[in-house]
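Engineer: Single-letter residue listing:
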Amino acid sequence: MIEVEHLTKSYGSARAVNDISFKVEKGEILGFLGPNGAGKTTTMRILTGYLPATGGTARVAGFDVFEQSMEVRKRIGYLPETPPLYPDMTISAYLTFVARIKGVDAANIASRVETAMRQTNLTERRNQLIKQLSRGYKQRVGIAQAIVHNPDVVILDEPTVGLDPNQIKEVRKLIKDLAGEHTIILSTHILPEVEMTCDRVVIIDKGQISAIDTTENLTKQYKGSERITLLARGNSAEIGAALQSVEGVTRVDLTETDDLLNVTVECEQGLDLRSKVAARVVQGGFDLLELRAVSISLEEIFTKLTTNEKTA
Amino acid sequence: MKGILAIYRREVSSYFVSPIAYVVIGMFLLATGFVFSIILSNIIERTMMMQMRSAQMGGMPDIDMPMQVIRAFVGFIGTYLLPILMPLVTMGIYSEERKRGTMELLMTSPLTELQIVLGKFLAALTLFATMLAPTLLYHLIMGRYSEPTLPWRIVWSGYLGLFLLGAALIALGSFISSLTENQIVAGVFTFVAFLMLLFLDLGVRGASSEAGEVFKYLSILQHHDTFAQGVIDTSSIIFYLSAVTLGLFLTLRNLDSMRWRRA
Chain Y
1 MIEVEHLTKS YGSARAVNDI SFKVEKGEIL GFLGPNGAGK TTTMRILTGY
51 LPATGGTARV AGFDVFEQSM EVRKRIGYLP ETPPLYPDMT ISAYLTFVAR
101 IKGVDAANIA SRVETAMRQT NLTERRNQLI KQLSRGYKQR VGIAQAIVHN
151 PDVVILDEPT VGLDPNQIKE VRKLIKDLAG EHTIILSTHI LPEVEMTCDR
201 VVIIDKGQIS AIDTTENLTK QYKGSERITL LARGNSAEIG AALQSVEGVT
251 RVDLTETDDL LNVTVECEQG LDLRSKVAAR VVQGGFDLLE LRAVSISLEE
301 IFTKLTTNEK TA
Chain D
1 MKGILAIYRR EVSSYFVSPI AYVVIGMFLL ATGFVFSIIL SNIIERTMMM
51 QMRSAQMGGM PDIDMPMQVI RAFVGFIGTY LLPILMPLVT MGIYSEERKR
101 GTMELLMTSP LTELQIVLGK FLAALTLFAT MLAPTLLYHL IMGRYSEPTL
151 PWRIVWSGYL GLFLLGAALI ALGSFISSLT ENQIVAGVFT FVAFLMLLFL
201 DLGVRGASSE AGEVFKYLSI LQHHDTFAQG VIDTSSIIFY LSAVTLGLFL
251 TLRNLDSMRW RRA
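Protein sequence lines, in the order shown, are assigned to chains Y and D. Residue numbers for the first sequence follow my numbering, beginning at 1 and rising by one. Residue numbers for the second sequence follow my numbering, beginning at 1 and rising by one.
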């Protein structure tokens, strides 16, 4: 549905987006993850036809975003970081206006507006002025605006920013409901959001893609090492030495609290050393109180990928 | 056409849900009503004095009183009122759109910049026509009592001149509005720009040199006076239409360049 190839955008000598390539399949939710200023918004603006690219190509539904901009724009719904709302309009008047400028046939406008309001749970407030709405409702109007012309692709720039936890939950659910029918790209710098809503993730940093994969694969692949934490009782030096000698262990961290030891064991990628580690502790005559495997969160992967310092 | 209409409808309705339209129209009607009555009573007084003087000397002078009223009235609106009120109409046209972020909505919609610019221009022109139209009533009332009869031809040509002048000011004002995100800044700059046009006009009134002639032609506020005398001058029409085209063209270029500049 979306094909981006070697996309580049420069401002003077600064490169906001540097040689980005990726594809999005129909019905997929793709997450754009990256720190602020990484080039997420710029990439989205190029896709929506708002900004021209400096180099490379981007195609939406087979149309080039620059050469066939009008065709692309008809097929894209876009929610910028601040929802583009007219405060003095009612919700239904606003959505009707958007449907008109998006080129919806006059005969279908009323029904499309109804559908968009129903999907975003706005029907009851249809006659309320936008300026009277809360932040969460404004965001919903923003999303309704992006889907009112039933576009193939919906692009959402930081759709949950500035919302309270309940509103965030609602918006995420809404986005999930929209997938399938629409292809969705959303950007965020909040990791759990990606883990919860997206099928695939593109991690962008300094204008370049540093990783692109499914959410699960990314977590698996970039773990770097499996990690086991355990709680034991005994001499810290001895336990440390015993664990270090297990084949495949790369690193052991010990912290002593009262008479208990908190131990973190990092192992080589792909190895499950839980039973070996447990056996070694017990054989050494120490008390093993707790043991579990920890999967490294996307958050750590993200930090790894977007900071230059190497994690030891 | 559909795109222009969609923009146009939203703009017109936004004028009339915000207080701007009512404030501007109200101020305009108040000022025009007041000035019309002053002009009328001044000219009546002057005419009566001249009639008395000529009665003593014998022979009636031929004074076309209604025409003088129209000329002074149209002159007042064109020279003083529009440069003051028009910035209020045009200042928010693009700047507000940029500030709210709705410009991004318009520019990612399947609309050309020309459709956006024309829709907004026509909407502002509609607001202007709405505030100008009620003042025709003054002439209608004067016409019922005037002797000689009211020369409607001069009224129409005077208003045509005002309409063209208004169109030119709207086009230039909306260009200035497209340069900033702050409507107050846009308003102030527009006002200063119109004021300079006014001084250009006042400054060249007595000029007779060749340079003066050029300035005279360029003086946007000057041309409506020929219309107010009942002369529909092609060069003035071309002048105003060029000013409109220039304003719209600059706006268009500026919207287009926003895509390339936006960091």
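It is worth saying that the hints were derived from the structure and are not from the lab. You may find that some hints are simply not true.
Said to hold, decoys possible - Keeping only pairs whose Cα atoms sit at most 20 Å apart, straight-line, the calculated DMTMM-like set for lysine to aspartate or glutamate is: (1) D:99 <-> D:181; (2) Y:173 <-> Y:199; (3) Y:74 <-> Y:152; (4) Y:138 <-> Y:105; (5) Y:176 <-> Y:25; (6) Y:131 <-> D:11; (7) Y:23 <-> Y:205; (8) Y:131 <-> Y:71; (9) Y:138 <-> Y:64; (10) D:2 <-> Y:253; (11) Y:74 <-> Y:124; (12) Y:138 <-> D:96; (13) Y:131 <-> D:113; (14) D:2 <-> D:181; (15) D:2 <-> Y:25; (16) D:216 <-> D:233; (17) Y:26 <-> Y:64; (18) Y:26 <-> Y:205; (19) D:99 <-> Y:152; (20) Y:169 <-> Y:195; (21) D:99 <-> Y:81; (22) Y:276 <-> Y:258; (23) Y:74 <-> D:113; (24) Y:74 <-> Y:64.
Here the structure is a predicted model, which is why all the values come from computation and not from measurement.
Engineer: For each hint, tell me whether it holds in the structure or not.
Structural biologist: Hint by hint, here is what the structure shows:
1. D:99 <-> D:181: Within the cut-off at roughly 5 Å; holds.
2. Y:173 <-> Y:199: 14 Å, holds
3. Y:74 <-> Y:152: 9 Å, holds
4. Y:138 <-> Y:105: 26 Å, violated
5. Y:176 <-> Y:25: Holds - the C-alpha atoms of residue 25 of chain Y and residue 176 of chain Y are around 16 Å apart, at most 20 Å.
6. Y:131 <-> D:11: 17 Å, holds
7. Y:23 <-> Y:205: It holds: about 18 Å lies between the C-alpha atoms, which stays within 20 Å.
8. Y:131 <-> Y:71: 32 Å, violated
9. Y:138 <-> Y:64: 31 Å, violated
10. D:2 <-> Y:253: 69 Å, violated
11. Y:74 <-> Y:124: 28 Å, violated
12. Y:138 <-> D:96: 18 Å, holds
13. Y:131 <-> D:113: With a Cα-Cα distance of about 27 Å, the restraint between residue 131 of chain Y and residue 113 of chain D is violated, given a limit of 20 Å.
14. D:2 <-> D:181: 27 Å, violated
15. D:2 <-> Y:25: Given that 20 Å is the threshold and the Cα spacing comes to 33 Å, the pair is violated.
16. D:216 <-> D:233: At roughly 14 Å apart (the allowed maximum being 20 Å), residue 233 of chain D and residue 216 of chain D satisfy the hint.
17. Y:26 <-> Y:64: Roughly 17 Å separates the two Cα atoms, so the pair holds.
18. Y:26 <-> Y:205: The given pair, whose Cα atoms are some 25 Å apart, is violated under the 20 Å limit.
19. D:99 <-> Y:152: Distance of about 29 Å is beyond 20 Å: violated.
20. Y:169 <-> Y:195: The given pair, whose Cα atoms are some 13 Å apart, holds under the 20 Å limit.
21. D:99 <-> Y:81: 13 Å, holds
22. Y:276 <-> Y:258: With Cα atoms ~26 Å apart, residue 276 of chain Y and residue 258 of chain Y exceed 20 Å; violated.
23. Y:74 <-> D:113: 15 Å, holds
24. Y:74 <-> Y:64: Answer holds: residue 74 of chain Y to residue 64 of chain Y is near 13 Å, not above 20 Å.
The structure does not agree with the numbered hints 4, 8, 9, 10, 11, 13, 14, 15, 18, 19 and 22 stated previously, though it agrees with the rest.
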